Structure formats: C-alpha cells, structure tokens
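Protein chains in written order, with this note's numbering: chain G, -17 to 301; chain W, 1347 to 1673.
Keep in mind that the hints were calculated from the coordinates and are not lab data.
Since the model is a prediction, treat every value here as computed from it, not as a measurement.
There could be a bad hint or two in this list.
[Unchecked claim] Where chain W lies over chain G, by a calculated footprint (3+ residues, C-beta under 8 Å):
| id | stretch |
| --- | --- |
| 1 | 18 to 26 |
| 2 | 157 to 163 |
| 3 | 270 to 278 |
A virtual CB, placed ideally from N, CA and C, is assigned to each residue, including glycine.
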Amino acid sequence: MTVKVGIPRALLFHEYHLLWISFFEELGAQVIISEKTNKNIIGEGIKNTVDEACIPVKLFHGHVLNIKDKVDYLFIPRINSIFKNEHICPKFCGLPEMIKNSINDLPTIIDTEINFVKSKNSLKNTIYEIGKYFSNDYKQIMSAYDKAYLKFKNSKRIIKENPFSEVNMLNNKKIMIMGHPYNLYDPYINMDSIDKIKSMGAYVLTPEMIEDQYIFDYAKKFDGRLYWTFARKLVGTALYLIDKKNIDGIIYVSTFGCGVDSVVADIVEKLIRRKSDIPFMLVTLDEHSGEAGINTRIEAFIDMVKWRDISENNISAHG
Amino acid sequence: MKKCYLGVDVGSVSTNVVVMDSDENIVDTLYIRTQGKPIQAVKDGLKEIESRLDKDVEILGLGTTGSGRQLASVMLGADVVKNEITAHGIAALKCVPDVNTIIEIGGQDSKIILLRNGIIHDFAMNTVCAAGTGSFLDRQAERLNIPIQEFGSLALKSKAPVRIAGRCAVFAESDMIHKQQLGHNEEDIINGLCEALVRNYLNNLGKGKDIRAPIIFQGGVSANEGIKRAFEKILEQEIIVPKYADVMGAIGACLLAKDEVSKTGKTNFLGLDVAASDFSVKSFECENCPNMCEVVEFYRDDELVARWGDKCGRWSDVKVLSKEKLA
C-alpha cells in the first residue's frame, strides 16, 4: 500500500507547495493536501490553537485537523531559517510543538529542522532526513529532490515572465498587493481581495512576480539589517517599485498581531511615503468574516487611484 | 415641480437621509439611529422625509453610501452605490473647496482623508478595532448615565484635566472607574475621555500624516464640542465643523447621484412610496460546500429581489439569470 503524506494548505505551503508535493511524489508517496480554507477549517483552527497566535497559525491548526486522520505522515518541518544570515518568524520554529501540544491523535510528524542560517551546506542532510521516511536509497532521495526543485524553479520562472510588461496591462491600473504569501494566496482569509481588485478593472501584481535578483539588489539599498527573509522580500519589493515607478497603488495585507509586520509594514509604509507619491494602504485581517470593512477600503482605494489619474491628466492638459 | 436628489447613508449607528435640489442646495436632512435594524431605519427615514417634503417634489435620483449601502440600494433602487470615503470627500469639497484634511468619526469607523488640490490624496481607516469611535463614547455615556447629546457641553465645563487611558475602550473604562472612585468631577472625567479619544485617533490614523489646515471635522461625533475642542488643543489648528456635519456621507451620495443621472439620463429609484413596501429577509446556510456561506434572501412585498452572502455566486446570480431569461 502506498504511504500517504499530508501537507496542510497553510503558511509556507503557499510558497513551496510544488517543491514539497513533487519531492514526496518522486519518492512514491501519495500526497494529500488539506481542502481549501473553509468555515469549518477556520472554526476548528481557532478552537484548537493557543489564544495569542495569529490567524495564519490558527488556520494551520485547522488544516492539520482537516487531514490528520487520512494520512500516515504529516509534513510539518521546523523551519528556522531558509536563507543565510536571515531568520523567519519564530512561530515557524515552534510549529511542530504547537501542533503536538494542541492536537491529539496525530500521525507521525515529519518535523525535520530546516536551518540555513549559517550556510546551505546542511541542505543535503536536511533532504536526506526528510526522504528517509520514504526510502533508504540516498541517491534516489537526492534525485527526487533535484527533479522536484527543477519543477519548482520552472514554475517560479513562469510567474516572473513579463508580468510588468505594458502589453499585459493595457490601460488598466496596476495595483501591487503585498504581504506574506499565506495571506495573499488564501482567498478565504483575505476575503477575495485579489478578485475584488480585479473586478474593479485593475491589474493585480504580487511580490512573487518580481525577479529575485531585483529584490536582492534593492533590499541591499536599505539602510539597516533586515533580520527576516520576509522583511528582505517586502522591503526589496517596495524599494524596487519606488525606483521603477511602474505601479499605480500598493496595498499591504497584514494580519492582526503579526510580530514581523509590526516592523516591516511600518518600514514599507514609511519608505513609500517618504520616497514616492504612490498611493499606499495597509489592510489588517483577523477572524472577521463581515466583508463590509474590506470592501469599503478597497473600493475607496481604487477610486482614489483613478481619481488621481484624472486630475493629473487635467493638469497636464492645461499646461 | 421641484426637482431633487436623495442621498441615503446607512451606517452602523445612524441612518441619514438628505434631500438636495438640482442647484445643490440642501432641502432637508434627517439623522436617525440605525439601532441594528438597517431595513427598518431606511423605511422609517424615507417615510419621515416623505411626510416632511412638499408634495410637488420630484426625486430624480438616489445615491447610497455607508456600510449598509448595498442593502439600501436593493431596497430603494440606487443610481450610485459608493463607499463612505469617496462620499465624505466629495461632500467636504463641496462645503470647503480648499479643504486639505477631513477628520471623520462615525459609529464604528473613524477615518482621516487627506486632500490636495481638490482630490483625495491619501486616507486611513481604523483597523480591525473600533476603539476611538462613536461607539466608545456612546458606551461611556451610558455608563455615566449622561445623554450623549450633553456629553460635549459638559466636557467644555471642565477646569482641571484628568488623563484617561485611550488605547482601548476596556482600558479606558477601568481607568475611568478608578478616577471616579478617586472623586474627580464628572465634567473633568468626560473631558478626559474626549481627549483620550482624540489621542487614540491621532495615534492610530494620524500617524505620519501631514495634517494641514483647512481641517474639516464631520461624522456623528463632530456634534460633540468636547471632541472638537480636544482636536483644536492637540493639533493647535482651527477645526471647521460644517453645518451639516452629521450627514455629510448622504450629501456626498446626493452629489454623486446627480452626477450619475446627468450622465445616464434615467434613474433606478423606485419612488418614495417604496418605503411603504413590506421588506423581509430570510437567511439560510448553504450546504453545497464546506464554506457553508450564510446566504441572505431579500424580499420586497413577498417578491424575491436579491440574494447575497455566498462566495461562489451560486445564489446571488440566480436573480440576474432569471431576469435575463425573462427579457
């Protein structure tokens, strides 16, 4: 019988799903992913998580509950650092413990530590540690990873192919919606923000569409050390947009009580306001399911972006 | 026949109706409490306005705004359904054309809108928390057993400042009780609450914003002179409270409706008589997928006119489809 490995559709799944899924499949496992976030998942997540956690972590718990009884293994790596000299939100390091503490009757958890803070030399060891659950053959594990990584890289490359080109935009307003991937790509938690913006006739861009190298180079221009990987990506995105001036508005999506965003959202807002004239809005999400608040903010923001444009055209027409 | 436009602002705390003539003069305004029953409030508001209007008034168009704008639009047939920020901005520009800053404090929302050269340049709204809004003052007035209408004038009588924690309504309440037990005067405590609300507002929304004069203060809370004085004291600027400060959203909706009707040449408004219709709501939990959306069905005189609340469009599109088939 095939071994079943479960991956919760939450947190870094939204960034690395293709890598993880292909890796396990290459090793002959059947991958089971939790359903898309729904009312039941969010409800169970809130009920079964320590109170002070942020909503994305609560959602993660809900997704674990959604699949835990259907799988032999649950993939919940202890993610410490995914980049040299950079850290990740501390809640990711404690995730396996939080799950074990709050949820009973769990299958075996693959909680291998992922820590590249010193260097990526430990990568092969890490891969082997994870692969060992499914195979004893070192070579097979490594080749499975290589194949999965190629798929992952290719998909990343396709996302970045010319999203900023003029042809794509036609005459639409270009709105960057930025934030942690697990807030941007879970339409339930962000109440369909991306579709809402699109339905108002704007073209939506995300930080994932910018070349990694740009993000690196621009983040380096920031005066100070960016401790977190997320911080580098978001600050790099902001500085890139400020410099290239190829965007009509920026919406930052954050969640209530996010420690990283308490610093990063503030830095991003200050940079945009001081160094550019790009309209900016911060949207904070939490357990709320009433959509009136977010609809009003998005509508008003798009109105403002369009209104500014009309007035700028008027001014230029007069002289 | 006098030609007029109607603006309806359905907010969390108040429902406001404005009648404006085609020369953009305000004919009548109405401010009533929503009291958690927006449908009833819209009906009552419209009936009341109808009874006060001259018989020869013709309504050419309707605009709705506020968090209940979609609901009001479904009930009455709106030509324009606009968010509160744009509506407030347009109304303020009409009153004070060179306005640079709008402070708007309503029941559940507070906003700051920065305008430059007659267009909205930037805005911010309170985040997930409703601290520092009208509901906070309402709650404290209730606790002190003072009618909210007298709150502002009492604050003006204060001689000695009392500082009250303003970060959170719950913090403020415990701090206020403590100050009461110490024997401070009521008016000083009320003034302390006004200043706490203003500090909270400026910390949350005013952070990093260039608050330039002329500054307009509008929304339900602007009727409170204590808050106006606290803003003037902290910002060291003159604060303008326009004549119709409490119904500015509805005025904005009127102006937008006039604009829209002049473009389209027709109106969707169902007429003032529509207030006499019987509106009812049924809701159910859709069981077609794990989202279990709470779907609302809206009936006018037993006719299903709209459905909403579903994420997938399975229900909300039904009416549109059947209309298309009929046509």
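Hints, one by one, checked against the model:
no., hint, verdict
1, 18 to 26, "holds (count 4)"
2, 157 to 163, "violated (count 0)"
3, 270 to 278, "holds (count 5)"
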